[in-house]
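Undergrad: Below are the chains, spelled out letter by letter.
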Amino acid sequence: MAGTGTFADRVFRSVLIVLSSTVILIVVSMVAMMVWTSLPTIRMFGLEFLYSGEWQPASNVFGALPFIYGTIVSSLIAILIAVPISLGIAIFLVEQAPKSISSPAAFLVELLAAIPSVVYGLWGIFVLAPFIRNYLGPFFQDYFGWLPLFQGRLTGFGMLTGGIIMAIMVTPIITAVVRDVLEVVPNTQRDAALALGATKWETTLIVLQNASSGIAGAVVLGLGRALGETMAVTMVIGNSPQITASLFEPAYTIASVLAANFGEASDRLYLSALVEMGLVLFLVTFVVNALAKVLVLGVAKGTNAASKA
Amino acid sequence: MGDKISIKNLNFYYGKNQALYDISMKIPEREVMAFVGPSGCGKSTFLRVFNRMNDTIPYARVEGEVKIDGKNIYKTKTDVVALRRKVGMVFQKSNPFPKSIFENVAYGIRINKMHSGKKDLADRVEKALRDAALWDEVSDRLNTSAFGLSGGQQQRLCIARALAVQPEVILMDEPASALDPIATQKIEELVVELKKKYTIVIVTHNMQQAARISDKTAFFMLGKLIEVNPTEKMFTNPDDELTEDYITGRFG
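Just so you know, the protein sequences line up as chains H and C, in that order.
For the first sequence, the working numbering begins at 53 and goes up steadily by one.
For the second sequence, the working numbering begins at -3 and goes up steadily by one.
Don't read these hints as lab results, they were simulated from the structure.
One or more hints might be untrue.
Stated by the list, open to error - Below 27 angstroms or equal to it, Euclidean Cα-Cα: the simulated DSS-like pairs (lysine-lysine) are:
{"no.": "1", "chain 1": "C", "residue 1": "4", "chain 2": "C", "residue 2": "115"}
{"no.": "2", "chain 1": "H", "residue 1": "252", "chain 2": "C", "residue 2": "95"}
{"no.": "3", "chain 1": "C", "residue 1": "109", "chain 2": "C", "residue 2": "192"}
{"no.": "4", "chain 1": "C", "residue 1": "67", "chain 2": "C", "residue 2": "182"}
{"no.": "5", "chain 1": "H", "residue 1": "252", "chain 2": "C", "residue 2": "63"}
{"no.": "6", "chain 1": "C", "residue 1": "192", "chain 2": "C", "residue 2": "123"}
{"no.": "7", "chain 1": "C", "residue 1": "71", "chain 2": "C", "residue 2": "95"}
{"no.": "8", "chain 1": "C", "residue 1": "63", "chain 2": "C", "residue 2": "4"}
{"no.": "9", "chain 1": "H", "residue 1": "252", "chain 2": "C", "residue 2": "182"}
{"no.": "10", "chain 1": "C", "residue 1": "12", "chain 2": "C", "residue 2": "109"}
{"no.": "11", "chain 1": "C", "residue 1": "73", "chain 2": "C", "residue 2": "63"}
{"no.": "12", "chain 1": "H", "residue 1": "151", "chain 2": "H", "residue 2": "252"}
{"no.": "13", "chain 1": "C", "residue 1": "123", "chain 2": "C", "residue 2": "95"}
{"no.": "14", "chain 1": "H", "residue 1": "252", "chain 2": "C", "residue 2": "192"}
{"no.": "15", "chain 1": "C", "residue 1": "191", "chain 2": "H", "residue 2": "252"}
{"no.": "16", "chain 1": "C", "residue 1": "95", "chain 2": "C", "residue 2": "182"}
{"no.": "17", "chain 1": "C", "residue 1": "12", "chain 2": "H", "residue 2": "151"}
{"no.": "18", "chain 1": "C", "residue 1": "220", "chain 2": "H", "residue 2": "345"}
{"no.": "19", "chain 1": "C", "residue 1": "82", "chain 2": "C", "residue 2": "229"}
{"no.": "20", "chain 1": "C", "residue 1": "193", "chain 2": "C", "residue 2": "63"}
{"no.": "21", "chain 1": "C", "residue 1": "63", "chain 2": "C", "residue 2": "12"}
{"no.": "22", "chain 1": "C", "residue 1": "192", "chain 2": "C", "residue 2": "67"}
{"no.": "23", "chain 1": "C", "residue 1": "63", "chain 2": "C", "residue 2": "22"}
{"no.": "24", "chain 1": "H", "residue 1": "252", "chain 2": "C", "residue 2": "67"}
{"no.": "25", "chain 1": "C", "residue 1": "192", "chain 2": "C", "residue 2": "12"}
{"no.": "26", "chain 1": "C", "residue 1": "115", "chain 2": "C", "residue 2": "82"}
{"no.": "27", "chain 1": "H", "residue 1": "252", "chain 2": "C", "residue 2": "82"}
{"no.": "28", "chain 1": "C", "residue 1": "123", "chain 2": "C", "residue 2": "109"}
{"no.": "29", "chain 1": "C", "residue 1": "82", "chain 2": "C", "residue 2": "12"}
{"no.": "30", "chain 1": "C", "residue 1": "109", "chain 2": "H", "residue 2": "252"}
One chain only, chain H, in its complex shape:
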């Protein structure tokens, strides 16, 4: 207990407190640094920074909207693609596959998360981008070309390519979390459904309902990852600060613009603008990840209550 024990214990305790406070200190110093460095643009543009679409570093005009737009849209594309795939994999692993398949398969999925981002980027450049340019793009333009979504030049580098790359990258994370929350759903729930004459599919729906807030948490966690993903996206999204409805047109994300332009930002105001975007990204992902944590913890609690009751 606090304050009790020998001198050695008190020393030990103090050391641990110092060690754990470093994490908080780092975060605080990050925020402080970013706020301090971005003060020039915060003073100069105020909130307009967030909704202005003009980005002309040469003439000191900075509006972050194209980057915010690119970040959000590419992440949403990633989530839209990754969520059904992840749910399918997780359900298969927990509800259908025999142990002999499920463990190695889960291991493989988690290995995907270990592949360096830049490798995904290379794959995107050499495989995904040509595929979209030569097959997927023409297909959509032939059949759905009347939709603004699919108009525009087909370079292979653009919003959709970035979104797909991110989808592949967040799938292992979402799958792993969903798998964990499905596994903590008590078997008594499955038994209850089966004993009432439910099919495998109907039983799975009951399991999903039990895990719903945890699944929501997994999705938000995936979203958090997608929002902050940098390297692979920078390599395939086309890096052009524009807002268009087309999925094939190049776009830009906050993380990419930071990574790509930081070195050349010699001007104090330019630097300030980049850092302010970093601050925005930091705050958004912080909130998104906190939300995910709350949701995932909620499901663990909820099922405990259910099994105790």
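Following the hints, position chain C against chain H.
TA: Quick look at chain C alone, frame taken from chain H:
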């Protein structure tokens, strides 16, 4: 009364481990049959044979014959979903779904598409709740979460949920073991009431409970059926010495 379930030379294996040995017995219609015996004697495994809940366990294997209404339920073309509708089950721990009280009871009706319209569904839910002696306690809060109910109420809700699909047999796996004496008494009264319409097989650790509510009792040990007899005889003058030792508390 006729026999609802008849079991002939039943052997049950978990992989290489045999859990039940050559069991033959008959379970009469509209009576309460109690399974008693020390922990691990196979009585719960045996209970789960009747609605094929053991199917979900990998490597589980059944040999022998289990007939319900004269039909062998382990024939390959048995419709397991239909079987489980006919043979309902109540578990040791109450396990309501994370849904409202109403939706819990409605679940089985919905998935088996038994209702014609909203009114009919509501009627069926009400009837099941009345039959489970729960209606008066929950009729004013049907749309609230089932987790708001007490343990005993949750267990009766699970019974109502099982009744809603109009089973003919109800399997109960120690349904009152997690409940306090008052809630237990309510479940016991309910069981006695339910046997007018249903065939009930109940696993229990509580000898007095078996004596109070069952018509017949079967005693199991180490996967073998030692004795099955009318409950009164079983508790006063059992055929087998092992049974006597067990019910008088000399072991187990």
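Undergrad: Now tell me, hint by hint, if it's right for this structure.
TA: Do the hints match the structure? See the list:
no.	hint	result
1	C:4 x C:115	violated (44 angstroms)
2	H:252 x C:95	holds (19 angstroms)
3	C:109 x C:192	holds (26 angstroms)
4	C:67 x C:182	violated (34 angstroms)
5	H:252 x C:63	holds (25 angstroms)
6	C:192 x C:123	holds (16 angstroms)
7	C:71 x C:95	violated (35 angstroms)
8	C:63 x C:4	holds (8 angstroms)
9	H:252 x C:182	violated (33 angstroms)
10	C:12 x C:109	violated (40 angstroms)
11	C:73 x C:63	holds (14 angstroms)
12	H:151 x H:252	holds (17 angstroms)
13	C:123 x C:95	holds (19 angstroms)
14	H:252 x C:192	violated (33 angstroms)
15	C:191 x H:252	violated (31 angstroms)
16	C:95 x C:182	holds (24 angstroms)
17	C:12 x H:151	holds (18 angstroms)
18	C:220 x H:345	violated (50 angstroms)
19	C:82 x C:229	violated (30 angstroms)
20	C:193 x C:63	holds (20 angstroms)
21	C:63 x C:12	holds (25 angstroms)
22	C:192 x C:67	holds (23 angstroms)
23	C:63 x C:22	holds (9 angstroms)
24	H:252 x C:67	holds (24 angstroms)
25	C:192 x C:12	violated (41 angstroms)
26	C:115 x C:82	holds (24 angstroms)
27	H:252 x C:82	holds (18 angstroms)
28	C:123 x C:109	holds (17 angstroms)
29	C:82 x C:12	violated (31 angstroms)
30	C:109 x H:252	holds (16 angstroms)
Against the hints set out earlier in the document, violations occur for numbers 1, 4, 7, 9, 10, 14, 15, 18, 19, 25 and 29.
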